[in-house]
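Chemist: The primary structure of each chain is shown beneath.
Protein chains: 2
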Amino acid sequence: MKQKKFILPEREIPTQWYNIQADMPTKPMPILDPKTHKVLKPEDLYPIFAEECSKQELDQTRAWIDIPDEVLEKYLVYRCTPLVRAYGLEKALDTPAHIYFKNESVSPLGSHKLNTALAQAYYCKKQGITNITTETGAGQWGCALAYSANVFGLESAVYMVKISFEQKPYRRSIMNVYGATVTASPSMSTRAGKDIITKDPTYQGSLGAAISEAIELALTTPNCKYTLGSVLNHVCLHQTIIGLEAEKQMEMAGEYPDIVIGCFGGGSNFSGITFPFMRHNLLDGKKTRFIAAEPSACPKLTRGKFEYDFADEAGYTPLLPMYTLGHTFKPANIHAGGLRYHGAGVVISQLMKDGLVEAQSFGQLDTFDAGVLFARSEGIIPAPESCHAIASAVKEALRCKEEGTRKTILFNLSGHGLVDMVAYDQYFAGDLTNYAVSDVEIQKYIGSADALNVNL
Amino acid sequence: MKQKKFILPEREIPTQWYNIQADMPTKPMPILDPKTHKVLKPEDLYPIFAEECSKQELDQTRAWIDIPDEVLEKYLVYRCTPLVRAYGLEKALDTPAHIYFKNESVSPLGSHKLNTALAQAYYCKKQGITNITTETGAGQWGCALAYSANVFGLESAVYMVKISFEQKPYRRSIMNVYGATVTASPSMSTRAGKDIITKDPTYQGSLGAAISEAIELALTTPNCKYTLGSVLNHVCLHQTIIGLEAEKQMEMAGEYPDIVIGCFGGGSNFSGITFPFMRHNLLDGKKTRFIAAEPSACPKLTRGKFEYDFADEAGYTPLLPMYTLGHTFKPANIHAGGLRYHGAGVVISQLMKDGLVEAQSFGQLDTFDAGVLFARSEGIIPAPESCHAIASAVKEALRCKEEGTRKTILFNLSGHGLVDMVAYDQYFAGDLTNYAVSDVEIQKYIGSADALNVNL
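Protein sequences appear in the order of chains A and B. Using this note's numbering, you'd call the opening residue of the first sequence number 35 and step up by one each time. Using this note's numbering, you'd call the opening residue of the second sequence number 35 and step up by one each time.
Any given hint might turn out to be false.
Identical copies go unnamed one by one, so any copy, or any two together, can satisfy a pair.
Capping the alpha-carbon separation at 25 Å, the derived lysine to any residue pairs in SDA-like fashion look like this [stated by the list, open to error]:
| id | residue 1 | residue 2 |
| --- | --- | --- |
| 1 | K364 | T322 |
| 2 | K39 | G464 |
| 3 | K202 | A463 |
| 4 | K125 | K160 |
| 5 | K39 | A287 |
| 6 | K75 | R96 |
These are calculated hints, taken from the structure and not from any lab test.
Construct the complete structure from the given sequences, taking the supplied hints into account.
Modeler: Here it is in structure tokens:
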């Protein structure tokens with residue numbers, strides 16, 4: 035019988051993360067203070083983030099960073115995650131391509147988010163922090179943070195966008211199981227929240243508002259730090275465990291990928307699966323293609339602009355050099371909530387600029403077509419976000435068929451969709467379309483931070 | 035670092051199921067035709083079940099039955115499932131016991147049900163059957179069957195209890211993803227359904243009614259067979275893959291269990307984890323204890339009676355010699371829907387009668403206490419059913435602490451609870467109690483099939 039799954043023994047799970055910044059031909063541009071436009075140093079980030087995370091964020095020299103034993107130990111609850119040969123999908127597509135996927139959906143919360151949540155919580159704990167906070171939209175990241183805070187004995191407070199708090203009680207309940215305090219945002223517990231509610235008592239909340247509340251809590255509470263689920267360099271760093279495992283697992287399978295694919299929101303799962311393989315493009319002359327699969331409703335890489343912009347809607351964060359649709363861009367309410375973000379992480383943006391990353395965009399209906407095909411041929415119901423990676427893998431596999439070439443394709447299955455079934459309901463009811471944002475809409479928000487006059 | 039998870043390489047996954055009937059000191063009593071009370075032979079079951087399943091059901095001689103290659107291949111999507119050392123739970127309980135759990139929640143649908151659904155669907159396919167049908171309450175079993183029908187290219191029709199169909203749309207959506215036709219029961223598509231609706235148009239359905247509809251469909255549709263998710267011997271047989279893997283994995287961990295625990299509904303996951311170890315009690319003089327953990331709201335093993343009874347509420351099935359609360363017993367609406375069944379499988383009932391199986395019952399509140407402790411110490415949110423096995427493991431581990439003994443405890447985590455969060459919501463809201471059914475209530479239904487005058 036042909037081997038279907040490849041899993042590393044625990045002793046072979048990587049013990050270091052890979053920091054691609056050290057190997058980049060063009061280093062990322064600096065991040066800037068939003069008021070003074072001065073270049074920020076790690077110390078400048080300490081009030082908000084754990085010190086170790088702040089250092090990792092700006093570290094352009096160390097290629098390998100040790101995973102603390104305490105984090106590794108917690109990784110073992112679900113890692114190594116399986117690398118799976120998608121024989122079923124290959125057959126359904128009748129393609130000569132070999133398709134593999136890394137199955138991050140087997141984690142206790144069903145997605146890759148724990149890889150960095152555990153690390154961030156640990157670094158806070160190590161530094162003597164007692165409370166951590168964050169924001170969450172649909173709740174995937176909030177669950178991972180609640181879980182990780184519980185693991186390391188920290189108190190956690192999660193600001194959850196009010197409309198999700200009310201419409202998606204499941205993920206709120208999951209956070210409760212792990213002991214988190216979950217507050218609907220905007221709330222009366224912060225200045226920022228009060229201001230918003232005063233202006234509009236019926237406001238249903240936004241990620242931008244929730245970020246503002248969480249940052250305010252971190253800044254005004256003793257021993258409290260803020261954590262983030264994507265975009266930032268240290269978050270992407272922690273996710274490289276995905277690709278580092280996959281590299282060894284592909285070796286077990288006796289193959290090396292020609293194409294590596296991840297869905298793209300802020301960039302964390304994409305970085306995780308691609309950076310370890312990209313290293314061999316940078317250093318060993320490999321020619322692997324790396325494809326970021328984004329929604330056509332939020333096409334920052336395919337149609338955005340590279341410029342300095344804020345990471346949050348309200349404009350409180352440092353200024354980041356990124357591909358962006360503008361920090362006030364309002365993406366349509368697609369089911370892939372994790373991909374509804376205006377910008378791309380700093381490192382990926384630079385790699386994209388340097389031609390190391392390709393991007394493809396997909397309409398929502400097309401991604402669910404691919405997701406249902408995958409569920410029926412491989413058994414796992416994918417998260418709406420992951421459906422984008424699958425859509426790209428399908429596209430490339432069909433191209434192989436057309437051209438008669440036998441490529442090896444690897445994609446990251448970032449999560450399962452068991453808590454997102456309402457999206458599939460709408461798919462089967464025929465309620466989804468391939469909506470793409472218009473040029474006019476995109477032009478409206480790009481350049482919204484360009485009063486900076488930074489020359490790019 | 036101490037090893038946390040033990041996983042067999044694919045080549046070491048067992049290739050046979052274990053049929054404990056062959057090794058039982060007292061063979062199970064025969065199953066009887068409901069009308070004539072004649073002893074049933076495999077042929078008598080062919081109109082309803084696949085022929086191979088019918089033979090396995092009554093096979094008291096072959097201890098080992100080959101798993102077909104086609105089924106093994108599909109098992110590889112999620113098997114081998116991890117055996118996990120519960121260091122976190124041990125620490126939380128401060129117990130000298132070593133606690134292990136077999137994690138069946140990593141299957142694509144989050145529970146052990148696929149182990150038999152794949153086998154039953156395959157045997158139907160092999161025999162040239164084109165359509166399969168079943169009933170489902172909350173939907174866990176219906177999802178597994180829909181998945182398996184899709185895998186082997188069969189049409190599937192699932193009758194889902196109407197109140198669940200309306201209140202639990204998630205599992206219905208999952209079945210839709212795999213292409214199943216899902217009908218709220220009672221429906222107008224069968225004689226049985228029509229009769230019920232005619233009497234009471236507002237009736238919200240029951241498992242008994244749904245079974246009747248599914249059996250009627252199987253009997254009246256060309257090339258269609260009925261499948262079942264628990265209770266029957268062939269179902270328990272297919273689940274032994276769980277314990278057979280666990281046996282090898284415990285060997286990897288260098289231990290052998292003193293106590294093996296499973297939650298108990300009809301008996302399938304319990305049989306799966308225990309039978310392979312029970313074999314060594316029967317043949318090699320091992321003294322392992324086997325504990326069936328059932329809800330105090332449905333205590334067939336701890337407070338039921340051993341007698342011939344029907345497997346379904348309506349009384350259409352063969353008569354089975356079983357521990358039962360009476361086939362018309364109406365269990366309270368606890369969240370552990372999979373444990374709300376009046377009887378125990380034939381083989382387990384005999385083993386229980388012979389003193390090889392112990393039973394414990396737990397109140398709903400106590401099981402969620404244990405489940406939340408487990409989630410916080412091991413990370414995984416357990417299904418309400420699995421919370422019963424955890425409650426028993428906790429009880430035994432605390433006994434070890436009290437007595438200062440170092441026992442090795444193994445339990446089966448039959449599924450995760452990510453699609454059952456409403457139960458946790460009610461737990462945190464303080465809405466759950468330790469309801470136990472009264473003696474008066476139990477006496478009402480026991481003996482409901484005793485017009486048989488079968489001497490037990």
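Chemist: For this structure, which hints from the list above don't hold up?
Modeler: Of the numbered hints, 1, 2 do not hold.
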